[in-house]
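Colleague: Build out the structure end to end from the sequences listed, making use of the hints.
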Amino acid sequence: MAGISTMMEDLDDPAKTCVYIPPGKQSATAPSDDYELRMQAYRTAWSKCLNRVQSILRALQGPSVDKVTAKVINAYNDVLPGLPYPELPVIALHGTNASLVENISHAFHRRETASLDEPGDLDDAQVLQTHLHPAECSSVANMMKGIITGFVESGSKRRPMTALANFDINLLRAWHSSQAPKAQLVIFLHEFEKFDSSVVQDMFYICSMHIPHLPLVFVILMASPPVPSYLHSAYPRSTLALLRVQPIVVSSGPTMVKDVLTKTFFDLEFEPDVMLGPSALEFITEFSTRHITSPDVVTTLLQIAYMKHFTQPLSIFTIGESLGEPSQRKNELKLGSDPGLRALVEGLQLRLFATTPPSSQPRAGSSTPVSPKKANGAVHGDQWRADTAGDLMDCVSRARVAFRKNARRMRAAFAIAGIAERVALGAPQTHTGRSTEDANVRFDSPGMLSVIMRGRAGSHIRYVCMAVRKLPSYKLRELLHELHAFLRDLQSADIKRDEENARVWIVTTINRLPPQTDDPGLPEDGMPAVQGPAVKELAAVVGDWLQAYITERLVRLDEQVLWDIWYTGNTPFPSELVNPAPRPTIISALLHPHDFARAHADMARVSAGGEPTAETDVGDPREPALWELPDTSIAFRRYVEAGRMVNVYDWFESFAVVLEDQRRKLRRRARLLAEGRTDDGKGKARYGGRRGRSRSADVDMDVDPDMADDGAGEESDEEELDELDEEEEEKWKIEVQARFMRALHELDYMGFVKHTGRKPDHVIRTIYDVPD
Amino acid sequence: MAHVSTTLRSALATSPEYEAVATHLSALLLSQPPSFVFIHDPENSRLTSAVVASTLEELAAQSVHNSSFDCACVNALSCFSPRILFDTVLNTLARWTPDWDQGALNWPGTSEGIRYNDNLDSFVHGIQAVYSQASSAHTSQNGTNKRKGKTPQHSDTVYRMVLVIDQAERLKEKLPELVVPLSRLSELARVDITTIFISKNQWQDIRPSLRSAPEPYYIDVPFLSKQAILDIMNHAFPVAPSDQLTSNDAFTEAYHAALRPLYAHFIATLYSTCGPFVHDPSELAYIAAARWPGFVQPILDAHRRRLCAGRGDMDDGEGPIDETEQDNTLKPPTEDVRLRLTRLFTSSFTAALEALHPRLTHAAHWAHTHTPPDDLLSVPPAHASQTLYTHIATVTAQADAEAGVSVGLEALPRMSKFILVAAFLASTNPARSDLRMFGRGLDERSRRRRRKTGTPRKPKPGTTGTAIKIPQRLLGPTTFPLDRLVAILGVLLEENDADVRPVAPQYSLPGEYTEMEISRVALYANVMELVSMRLLVRTSPADRLDGTPTFKCGIGYELAGKVARELGIVLNDLMYEPV
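Those sequence lines, one after another, are chains A and B.
First residue of the first sequence: 281, per the working numbering; consecutive thereafter.
First residue of the second sequence: 10, per the working numbering; consecutive thereafter.
By construction, these hints were calculated from the structure, which means they are not laboratory data.
Please note: incorrect hints may appear among the correct ones.
[Unchecked claim] Subject to a maximum C-alpha distance of 27 Å in a straight line, what follows is the list of computed DSS-like cross-link-like pairs (lysine-lysine): (1) Lys347/A x Lys543/A; (2) Lys183/B x Lys474/A; (3) Lys183/B x Lys425/A; (4) Lys425/A x Lys181/B.
Modeller: So this is what it looks like as structure tokens:
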């Protein structure tokens, strides 16, 4: 309630331009104990994943950063001799993003501080930088001022008017000649496409007159691709002739997404706390190839997938069994006794009963065990029996170990399958994105990840193993050596121990290979290699082994016990959160306000941590009549039926007719209520001051009981009763007008009405084809 | 002042055209100069200003005929505010360099704290102060010379100041209020100062109305002849010190003195290829700088091979070292080698012109990618050109691969490509044709196309055929509102994307899925992203919120066709005027 009162204060405060009105009821959002714990788990899991993703992205950007740094350092060193005039070095970065710029700038900054610490190192040329944005460069004077004050340390004292102006490049020159180590001056032009091209032209000219005395280097950051080149389309030849433009394309796009996903979820070096399921993976790849490919978007999508996962109550156990208590005993006690965790315990027990690993007993249907306890005991031999809180904890802990092991094995199999494919089928073609089908049949394509998670990669594995069986001996050797190197270089001791058998097997197989000298120089010949009988046999063995190895390990993770604690499975990605369609949503909300309000209430409840309760689902299948809708919806319905231009008076008239109907119906109901349940003194019929949505719920509630006698009303009786005295009539008219005005303004606010200004009392519709 | 390399600058003075200008100017300045001179060079004003600047510097340095000079050359473009112009002019005339440690103060004048950059009036005072200070210094300095010199006109030495304003046409837009005062500077300041304007425009285009500016003394720079250009470029050959041949830098050793005769021939061939298109000597020199290192590399390779062979012999024979010294010098190549090289490389001159003149790449990069293979001269002549082409092709491919896999529009997300195609269609097709073009199915469309391509467009028999309509795609893009773009996009998506996109069982009605897709936030974000890439051009102001925004397509037919092919759209079927 405190929240509401502060909210009301905020609403009254004219200084506040923005007020947050929380959805749903205030009490529903009060965080429960297990919610806090879950959020804690989420924070741990996500920050681990985020660190990994960020380090991958940084590694991906490394080459570009190095390239830019090298080009800046050597900007005035390797100049082609014999040029008629010195050129202004410009490094054009295409397809940039904020993090890359930050990395580059950071690299320069490091260099700056490093050379300050140990001056005199000639190799470490000093670099000073300044950043310019389009907004501060509206004129040549402003732009030059930005450049000069960016380098020249200002603030010490205001120079007198008899000194050089701070937009005069001679000032920069005077400053630079006084500096002891001559630093390169790097100027970053952010969002280069938004700069005024005539200003930049003049700036380039002025700067080009002072090189090489002033070692200026420009780094222009562009979003556009190098072809068609923005520089060449926006700037004249005379300006381009002054510059030495070195384009650098920053690698991003599908490769980046693939790398992030593979190295986060399918890399043996890293164990994510939550494994993404096929639908989330599919959505992320699809969204990034279809709509926006940027590192930030991928990170956001991953975060939303994580958030979504942690809306489940069971996800409280993702990180560990701790429930916020110091000892395990206390945790168990809490789980057993805390009423807030009651639902959690029940859910957990239900899950454990229902779990039936198909490997142990494929016959027992997991869906409907007749007597859960008995079936469970019979199937698992008390393995997953959990009567006490301690047992529950124990089960979760064992399930975690099992799940992690399986996930690890799956990652190992994925990596090995990738190696086998690369050796057997050759390097993947460059990703031109020419045909999607082609891209899907490689292990290193992003589409493959979800296929593997669904357990549908069998045919491709068979294909790769078939190719392995036909390998010539030198290729076979290469394959085995690569596999061996991979298994040998594993970082984690656990995984190494797990894969010990595979390694031993590979070592023995390598020893069985015919000696290398027996190979004629097959690869040089370019002839198709012929398999000797011994090699053929061996290759077949290797192929069989690989197939068995990979298929054994590429299991579906959602067949594990309690899998949904660590795995998002087939839960659909909440795509509406990242890519909503506001206009159709508003229209459908106006057309079907009750459905919309119900859906919104469900969502608020789910986000607050509760399960969607059954009562909300038992909706009324009947389409509510027009008079039952909120005012704005009524006005909108009338609007939909109008022509291109709407006469506001006619609109009002038709609106008033509906309201009249509404009033009559409500009065009748009030009368019936008064007759029927006198004790239930619910005063209705006055809605004036309330907002549409809350009111609609009330209307909905009250409409239901007298559904039946809605149609059979005694009209004459009603008319009699509905007669109003003059004063009431007047009041009613004013109310109708006020309600219409409010509805109209709400529609106006939502952008459905355009005022012409030419024809009085008429407005223009802004949307025409409204679906029903 | 004008940023031209020293070799080119010294070379310029040798050409008869520029020499005429220089002597004309110096003769004027040494006798009775007009107070206002206008030098007009429509073609190479940059070179002219370099010539003028070097002439004046010479005059100022030698101070012959009892006259001494101070000159200031400023660029009207860089002096975008009066204060910079005043500061620069006064500092240069007074030969004053602002010192950072002293607070970067301007020339202080005769007494401290006087501000000369405030307005025109103080500037004129500044000029007077500079003049009086400098002339007194000069008279006292030249006091002894005067007696020996025996000047016929004056008993006293003449001190003169010259103010050169380069790119004077920019004054008109940047500082229009200063055109007249600068042209009348000697009148205003009542000192001996000559103002010289250098411009590529004519005085009548710069002159303010009302005839308030005096009529200048005109000097027109003549058009450079072919021979003059060749001479300039030949003289600009930067002779490297001969001992640099030992250094490993292939680019530096290309300018060996022994190669100079070859350079003359090279320039002549280059001019014959590029001359019809480019007249600017600096531009030709730019292309030459890019091509020359590769051109002479075979000779240098051959020379180095000979050296190595010689050294190898020497090691075997243990001969005296001083014999190799003689062998070490690079000889000018024979006529036969010259012809071979010319034949091999002539075609690459055109390629260099096409790539470098519009600056599609820069000279250093072009020179790197077009380096010939090692030891080209040892390859038999019949295969040499083939070897050269394959080598260049591989080097270029490598450089492209280094630059990045995703070069062009291929890297864009799929939806962006659809938006681009839709934008191209919206910009090319007339809006009234939309219903006809998009309102029917795929099969109907292809039928129309076949008929259309079957009959080439001819003027109707009755008409003269002069009023043939030019297709919109050649006239440039027209603007379109966002709604139209989205509507066309909807048709494209429904026809070409419906079976590729992920399944969504919640949409049951035909077209409902597309309807939802084209109203999603990501689509609008994509449009704005394309605008920020300038692949779409927003024509309505960005800060206008009401009303639908309008755009223009930023790509042409070729690119749009390429993008459409990637998406499987037949662009010609959708164009009102198919190609």
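Colleague: Could you run down the list of hints and mark each one as holding or not?
Modeller: Hint check results:
no., hint, result
1, Lys347/A x Lys543/A, "24 Å, holds"
2, Lys183/B x Lys474/A, "23 Å, holds"
3, Lys183/B x Lys425/A, "17 Å, holds"
4, Lys425/A x Lys181/B, "23 Å, holds"
Hint compliance for this structure: every hint is met.
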